[in-house]
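There are 2 protein chains.
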Amino acid sequence: MTSQSVREETDFSEEQRAGLYHAIVNRRDVRGQFVADPVPDAVLARVLTAAHFAPSVGFMQPWSFLLISDPAVKARVHEDFTAANAEAAAMFEDDRQATYRRLKLEGIREAPLNLCVTCDRDRAGPVVLGRTHMPTMDLYSTVCAVQNLWLAARAEGLGVGWVSILHPDRLRDVLEIPERVVPVAYLCLGYVSHFNTKPDLETAGWRARLPLEDLLHFDRWGGDGDGRAEAASLRDAVRKSMAGVRNGVIS
Amino acid sequence: MTSQSVREETDFSEEQRAGLYHAIVNRRDVRGQFVADPVPDAVLARVLTAAHFAPSVGFMQPWSFLLISDPAVKARVHEDFTAANAEAAAMFEDDRQATYRRLKLEGIREAPLNLCVTCDRDRAGPVVLGRTHMPTMDLYSTVCAVQNLWLAARAEGLGVGWVSILHPDRLRDVLEIPERVVPVAYLCLGYVSHFNTKPDLETAGWRARLPLEDLLHFDRWGGDGDGRAEAASLRDAVRKSMAGVRNGVIS
Chain A
129 MTSQSVREET
139 DFSEEQRAGL
149 YHAIVNRRDV
159 RGQFVADPVP
169 DAVLARVLTA
179 AHFAPSVGFM
189 QPWSFLLISD
199 PAVKARVHED
209 FTAANAEAAA
219 MFEDDRQATY
229 RRLKLEGIRE
239 APLNLCVTCD
249 RDRAGPVVLG
259 RTHMPTMDLY
269 STVCAVQNLW
279 LAARAEGLGV
289 GWVSILHPDR
299 LRDVLEIPER
309 VVPVAYLCLG
319 YVSHFNTKPD
329 LETAGWRARL
339 PLEDLLHFDR
349 WGGDGDGRAE
359 AASLRDAVRK
369 SMAGVRNGVI
379 S
Chain B
129 MTSQSVREET
139 DFSEEQRAGL
149 YHAIVNRRDV
159 RGQFVADPVP
169 DAVLARVLTA
179 AHFAPSVGFM
189 QPWSFLLISD
199 PAVKARVHED
209 FTAANAEAAA
219 MFEDDRQATY
229 RRLKLEGIRE
239 APLNLCVTCD
249 RDRAGPVVLG
259 RTHMPTMDLY
269 STVCAVQNLW
279 LAARAEGLGV
289 GWVSILHPDR
299 LRDVLEIPER
309 VVPVAYLCLG
319 YVSHFNTKPD
329 LETAGWRARL
339 PLEDLLHFDR
349 WGGDGDGRAE
359 AASLRDAVRK
369 SMAGVRNGVI
379 S
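Protein chains in written order, with the working numbering: chain A, 129 to 379; chain B, 129 to 379.
You may find that some hints are simply not true.
To be verified - Listed next, the stretches of chain A that the computed footprint assigns to chain B, with coverage defined by at least 3 CB atoms under 8 Å from CB atoms of chain B:
hint, stretch
1, 275-289
2, 353-366
Stated by the list, open to error - Output of the computed footprint for chain B on chain A, the stretches with three or more beta carbons under 8 Å from beta carbons of chain B:
hint, stretch
3, 146-153
4, 206-217
5, 263-271
6, 293-300
Stated by the list, open to error - For each label pair, taking beta carbons as the anchor points, the in silico distance ranges come out as:
hint, chain 1, residue 1, chain 2, residue 2, range
7, B, T138, A, A214, 51 to 57 Å
8, B, T227, A, G372, 45 to 51 Å
9, A, A200, B, K368, 28 to 34 Å
10, A, G160, B, D198, 46 to 52 Å
11, B, E221, A, V163, 51 to 57 Å
12, B, F323, A, S361, 38 to 44 Å
13, A, E143, B, A211, 44 to 50 Å
14, A, A332, B, R230, 50 to 56 Å
15, B, E304, A, S361, 19 to 25 Å
16, B, A203, A, V163, 52 to 58 Å
It should be emphasised that the hints constitute simulated quantities derived from the structure, not laboratory data. Just so you know, even glycine gets a beta-carbon here, dropped at the ideal spot from N, CA and C.
All chains, full assembly: derive it from the sequences and hints.
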């Protein structure tokens with residue numbers, strides 16, 4: 129069986145595969161483009177279902193979804209953001225700080241819905257299959273749920289922004305989250321006027337997209353493939369794949 | 129503008145959206161179905177490109193991809209798995225331990241490719257936009273890259289299994305990973321004979337899929353929406369969405 133015939137056997141049409149890649153490439157961390165249109169229940173349900181189908185260590189499914197639409201709760205979270213953001217800004221020097229202060233970094237009040245995705249570390253008892261040697265695996269599972277949700281939202285035309293400039297303990301207080309439960313992600317969610325073509329931080333000149341071919345290692349950290357043709361060939365393929373993305377698709 | 133008209137304005141065809149959901153619902157943690165067919169460079173490049181388009185805190189892109197095909201390196205990692213797995217098995221009691229010992233939990237040697245996805249915590253200097261108050265955000269960004277890769281692999285017909293029953297320090301030694309870099313995920317990757325319809329742990333009766341509607345909270349932890357019609361309506365929509373998935377799609 130040739131590799132090509134294996135490819136042809138996948139249960140995805142070209143258009144379905146393109147849909148996944150379209151979501152991956154055009155997903156944005158949305159802070160400034162939210163509109164007030166409510167999110168229909170059926171749409172929100174699909175997005176949450178996508179999150180629930182994330183992988184989880186020991187099939188633990190440690191996530192919960194705390195949906196926030198009460199303006200008073202949003203206002204308290206926004207207050208925390210404002211305090212944390214002032215602390216954060218002060219950590220950057222000179223020009224960098226000036227740029228930082230110009231960035232819009234959250235859409236807490238504008239987004240019709242805020243969503244805190246949490247991890248209940250005790251959901252499956254103290255010993256969890258696959259968590260015994262990597263205790264952070266349940267937090268990582270919860271992040272996989274966030275990424276599923278983010279991609280599904282993009283395909284539904286919904287913007288999502290992850291706000292991490294918050295004191296987690298303060299967030300726990302505001303949302304009455306118990307000790308055993310970790311607030312992993314605080315998301316703003318809603319329809320948007322448009323999706324930007326590039327990440328805001330790339331557009332602002334904060335940092336550039338790194339060349340993917342420089343991030344590959346072979347068989348050990350720093351391993352360049354020992355001159356093997358396979359390594360050079362993969363680097364070329366990665367360069368081509370990344371160049372193709374300039375048109376918004378992976379192909 | 130009605131919500132329906134917003135929906136119709138998305139830049140996804142129905143089939144493209146279905147493709148994303150198909151990948152999300154039918155992605156599996158593959159341990160036992162790998163075949164030896166090599167993964168073509170172009171396919172592997174697309175999957176790595178998908179990972180590289182993950183969100184990252186402060187546009188840090190902290191990930192690297194360590195590709196392992198050397199059987200000697202795989203054998204050393206497999207030795208570590210065997211030792212860690214024996215320790216893990218002993219933590220479970222009686223029947224549970226017997227079930228645990230019957231489970232196949234990795235495909236390190238059978239999968240043509242192993243892939244360690246790492247997080248370089250120093251990639252963007254000591255102060256990172258968005259990481260100031262949540263220091264784990266760069267690890268979470270790396271997990272988002274893993275999930276993108278996992279979904280892309282599924283759409284390409286490639287299975288991926290995340291092996292977390294490993295001592296991270298031992299993995300660091302075997303792969304010569306420097307101190308500042310965290311090995312976040314050790315993945316087995318390759319074409320598969322088939323994808324199972326359910327998670328292995330669900331099939332084995334280890335744990336059941338949780339009802340998603342029980343994982344929703346409104347405005348605060350434990351908040352049931354205070355009898356608001358919106359909360360009941362969303363719970364109904366979530367139940368319907370999850371029931372629809374029995375046919376392998378989200379709709």
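Now the hints, each set against the structure:
With 8 residues having a beta carbon nearer than 8 Å to a beta carbon of chain B, the stretch 275-289 of chain A meets the requirement of three or more and the stated coverage holds. Given as covered by chain B, the stretch 353-366 of chain A passes the check, having 6 residues with a CB less than 8 Å from a CB of that chain where 3 are the minimum. For a cut-off of 8 Å, the count of residues in the stretch 146-153 of chain A with a CB near a CB of chain B stands at 8, and the three-residue condition holds. With 3 residues carrying a beta carbon less than 8 Å from a beta carbon of chain B, the stretch 206-217 of chain A meets the three-residue requirement, and the given coverage holds.
By the rule of at least three residues with a Cβ nearer than 8 Å to a Cβ of chain B, the coverage given for the stretch 263-271 of chain A holds, with 5 such residues. Judged by the Cβ-Cβ criterion of 8 Å, the stretch 293-300 of chain A is covered by chain B as claimed, because 4 of its residues qualify and three suffice. In this structure the supplied range 51 to 57 Å is violated for B/T138 paired with A/A214, their Cβ-Cβ distance being about 37 Å. Checked against the hint of 45 to 51 Å, the C-beta distance between B/T227 and A/G372 comes to roughly 46 Å, which is consistent with it.
As the Cβ distance of A/A200 to B/K368 is approximately 31 Å, the hint placing it in 28 to 34 Å holds. In this structure the supplied range 46 to 52 Å holds for A/G160 paired with B/D198, their Cβ-Cβ distance being about 47 Å. Between B/E221 and A/V163 the C-beta distance comes to about 54 Å, which sits within the given range of 51 to 57 Å. With their beta carbons about 28 Å apart, B/F323 and A/S361 fall outside the hinted range of 38 to 44 Å.
Distance hint check: the CB atoms of A/E143 and B/A211 are about 46 Å apart, consistent with the given range 44 to 50 Å. A C-beta distance of roughly 54 Å is found between A/A332 and B/R230, which places it inside the suggested range of 50 to 56 Å. For the pair B/E304 and A/S361, the supplied restraint of 19 to 25 Å holds, since their beta-carbon distance comes to about 23 Å. Between B/A203 and A/V163 the C-beta distance comes to about 55 Å, which sits within the given range of 52 to 58 Å.
Violated hints for the displayed structure, listed by number in ascending order: 7 and 12.
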